[in-house]
Amino acid sequence: MTQTIAEIKNPALSIRDLSIAYDKNYAVKNVTVDIKKNTVTAIMGPSGCGKSTLLRALNRMHELYENITTEGKVLLHEENIYDMSTIKLRRQMGMVFQRPNPFPTMSIFDNVIAGYKLNGNSLKKKEKDEIVERSLRDVALWDEVKDSLHKKGTFLSGGQQQRLCIARALAFGPEIILMDEPTSALDPIATSKVEDLLVKLKEHYTIILVTHNMSQAARISDYSLFMYLGELVEYGKTKNMFTNPKDPRTEQYLTGKFG
Amino acid sequence: MVFSLVGGAIPSFKAFGLKFIVSGDWDPTEGREVYGALPFIAGTLLTSFAALLISLPLSFSTSLFLGEYYKGTRVARILGMLVDLLAGIPSIVYGLWGFYVLRPLMIDLGFGGQGFGIFTASLILAIMIIPYATSLSNEIIAMVPNDLKEAAYSLGATRLEVIQTVTIPTARSGIVAGYILSFGRALGETMAVTMLIGNTNRVPDSFFGTGNTMASVIANQFGEADGLKLSSLIAIGLLLFLITGIVNGVGKLIIKKMT
Numbered sequence: 001m002t003q004t005i006a007e008i009k010n011p012a013l014s015i016r017d018l019s020i021a022y023d024k025n026y027a028v029k030n031v032t033v034d035i036k037k038n039t040v041t042a043i044m045g046p047s048g049c050g051k052s053t054l055l056r057a058l059n060r061m062h063e064l065y066e067n068i069t070t071e072g073k074v075l076l077h078e079e080n081i082y083d084m085s086t087i088k089l090r091r092q093m094g095m096v097f098q099r100p101n102p103f104p105t106m107s108i109f110d111n112v113i114a115g116y117k118l119n120g121n122s123l124k125k126k127e128k129d130e131i132v133e134r135s136l137r138d139v140a141l142w143d144e145v146k147d148s149l150h151k152k153g154t155f156l157s158g159g160q161q162q163r164l165c166i167a168r169a170l171a172f173g174p175e176i177i178l179m180d181e182p183t184s185a186l187d188p189i190a191t192s193k194v195e196d197l198l199v200k201l202k203e204h205y206t207i208i209l210v211t212h213n214m215s216q217a218a219r220i221s222d223y224s225l226f227m228y229l230g231e232l233v234e235y236g237k238t239k240n241m242f243t244n245p246k247d248p249r250t251e252q253y254l255t256g257k258f259g
Numbered sequence: 001m002v003f004s005l006v007g008g009a010i011p012s013f014k015a016f017g018l019k020f021i022v023s024g025d026w027d028p029t030e031g032r033e034v035y036g037a038l039p040f041i042a043g044t045l046l047t048s049f050a051a052l053l054i055s056l057p058l059s060f061s062t063s064l065f066l067g068e069y070y071k072g073t074r075v076a077r078i079l080g081m082l083v084d085l086l087a088g089i090p091s092i093v094y095g096l097w098g099f100y101v102l103r104p105l106m107i108d109l110g111f112g113g114q115g116f117g118i119f120t121a122s123l124i125l126a127i128m129i130i131p132y133a134t135s136l137s138n139e140i141i142a143m144v145p146n147d148l149k150e151a152a153y154s155l156g157a158t159r160l161e162v163i164q165t166v167t168i169p170t171a172r173s174g175i176v177a178g179y180i181l182s183f184g185r186a187l188g189e190t191m192a193v194t195m196l197i198g199n200t201n202r203v204p205d206s207f208f209g210t211g212n213t214m215a216s217v218i219a220n221q222f223g224e225a226d227g228l229k230l231s232s233l234i235a236i237g238l239l240l241f242l243i244t245g246i247v248n249g250v251g252k253l254i255i256k257k258m259t
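So the sequence lines, in the order shown, correspond to chains A and B. Using my numbering, the letters of the first sequence correspond one by one to residues 1 to 259. Using my numbering, the letters of the second sequence correspond one by one to residues 1 to 259.
Pulled out of the complex, with its shape left as it was, chain A reads as follows (with noise of 0.2 Å):
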């Protein structure tokens, strides 16, 4: 297996050998990377090459579902994630979806808050008006949404409630985004405006990005994983795998030749 693993020091997160199975077929196999704070690190590959997947571990999400087996290591701060408890880890992970899914019955308010209010913390109004201003402000959505704070937050177009998401997944102040393709459900142009929050974010947060668009991965990330066939093929700096590409299906795949 060719692995090529970017010195990186102090990373955000370190994933050690990671395989995860379903069923005993593997969707990821032996995966070693580190993540670098502060950057936004693309996770590219074909349709199947196990990109969800091993976003989905790094928030323990994939254990919702039966007959998953994970091997390896992920270490946060020293401590392996699969030793520590959902909840905590999650706290530290946020995560944004495929199609935004903001809680049809909460207002765009309580979205905002909803992980304070799931984890039981009673905040003071004061408290989180604070944090709802700072979140939608943080996601540029402060301006358009502030007079409809109350009213449900499934109104908003595709766009804004996406943005919306981004919000509620800040709110917590977690170290790391994850974000599996949060902009394949979005137009052209709620899409650009979804990259620049990124290249935005990355000065407070690790984000790790999964997406299936060649051109996105190249605009807005520093960082790059391509993986095929549960492998990661090719990890390093994104401006020189798109002109430098090591491995021959890297090179295949971002000249179009399968995917």
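Think of the hints as simulated: they come from the structure by calculation, not from any bench. Mixed in with the good hints, there may be bad ones.
[Stated by the list, open to error] EDC-like mimics (lysine to aspartate or glutamate), calculated; alpha carbons at most 20 Å apart, straight line:
#, chain 1, residue 1, chain 2, residue 2
1, A, K151, A, D129
2, A, K73, A, E231
3, A, K29, A, D247
4, A, K117, B, E161
5, A, K88, B, E161
6, A, K88, A, E175
7, B, K71, A, D23
8, A, K152, B, D147
9, B, K149, A, E66
10, B, K149, A, D110
11, A, K117, B, E150
12, B, K71, A, E66
13, A, K88, B, E150
14, A, K117, B, D147
15, B, K149, A, E181
16, A, K88, A, E78
17, B, K149, A, E63
18, A, K126, A, D110
19, B, K71, B, E150
20, A, K124, A, D110
21, A, K117, A, E130
22, A, K128, A, D138
23, A, K128, A, D147
24, B, K71, A, E63
25, A, K152, A, D110
26, A, K36, A, E78
Remember, predicted model here, so these are calculated numbers, not experimental data.
Assemble the complex: chain A is given as a structure, and chain B must be docked to it using the hints.
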């Protein structure tokens, strides 16, 4: 059907006016015939409400079990089949079981008299509506989209918190509609209730005392009725028709709005 019901009920409404609905007298003695539907309306509503309350914890927990905890597993399929089987048992069989098993049990437990009464009838009704309430709300609980639940998990929620803050609120109106439809079934249920309620034509004075329902009184007395009495029975039928019609209409409307 509506025409014949209305036509048949006219003499009774002519004789008693609105007093027919609010009067508690039911006296078929020739010469001073007085008919009022209140005992039966009260009995019907009382048994149906009580049945709804009794069935609620059982059917609700079963539907959570089937639609959430064990969704898609063999245990759920088998249990679901058993629950559906309950719906297929003829009313008269429930009545017999109630008469020979439940009624003696009531006597042993000291609920007075012969074991007949509102409470006994409510119990049998509760068992009869469990399959309807369960399968309707189970379907709606299972329909709550996975990505909403995952969003809540990703915020660090436990399974119970996900159920409380996402699954139940999202499915709420459907669940309510399921219970309204079950209530509608309880209102019109005749045979099993007739065998267990005691059939006394007065406004029930106690929950454990005997009474009568609209459906039962019609079943018991239509054979020997003529003239004003027959017309009064038809009027009761018309009222029952209206009540169940409204209840079912409301329930179906809510379900339609949901999907």
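Going down the list of hints, with the structure as the test:
1. K151/A to D129/A: At roughly 15 Å apart (the allowed maximum being 20 Å), D129/A and K151/A satisfy the hint.
2. K73/A to E231/A: Holds: K73/A and E231/A sit about 16 Å apart, inside 20 Å.
3. K29/A to D247/A: Between K29/A and D247/A the Cα gap is close to 17 Å, so the pair holds against 20 Å.
4. K117/A to E161/B: holds, 9 Å
5. K88/A to E161/B: holds, 15 Å
6. K88/A to E175/A: holds, 12 Å
7. K71/B to D23/A: holds, 19 Å
8. K152/A to D147/B: Roughly 18 Å between the alpha carbons, so the hint for K152/A and D147/B holds.
9. K149/B to E66/A: Holds: K149/B and E66/A sit about 16 Å apart, inside 20 Å.
10. K149/B to D110/A: holds, 16 Å
11. K117/A to E150/B: holds, 16 Å
12. K71/B to E66/A: Between K71/B and E66/A the Cα gap is close to 11 Å, so the pair holds against 20 Å.
13. K88/A to E150/B: holds, 16 Å
14. K117/A to D147/B: Status holds; Cα separation ~19 Å.
15. K149/B to E181/A: holds, 18 Å
16. K88/A to E78/A: Roughly 15 Å separates the two Cα atoms, so the pair holds.
17. K149/B to E63/A: Between K149/B and E63/A the Cα gap is close to 13 Å, so the pair holds against 20 Å.
18. K126/A to D110/A: Given that 20 Å is the threshold and the Cα spacing comes to 14 Å, the pair holds.
19. K71/B to E150/B: holds, 15 Å
20. K124/A to D110/A: Given pair K124/A, D110/A holds - Cα atoms ~14 Å apart, limit 20 Å.
21. K117/A to E130/A: With a Cα-Cα distance of about 15 Å, the restraint between K117/A and E130/A holds, given a limit of 20 Å.
22. K128/A to D138/A: holds, 15 Å
23. K128/A to D147/A: holds, 16 Å
24. K71/B to E63/A: holds, 15 Å
25. K152/A to D110/A: Roughly 9 Å between the alpha carbons, so the hint for K152/A and D110/A holds.
26. K36/A to E78/A: Roughly 14 Å between the alpha carbons, so the hint for K36/A and E78/A holds.
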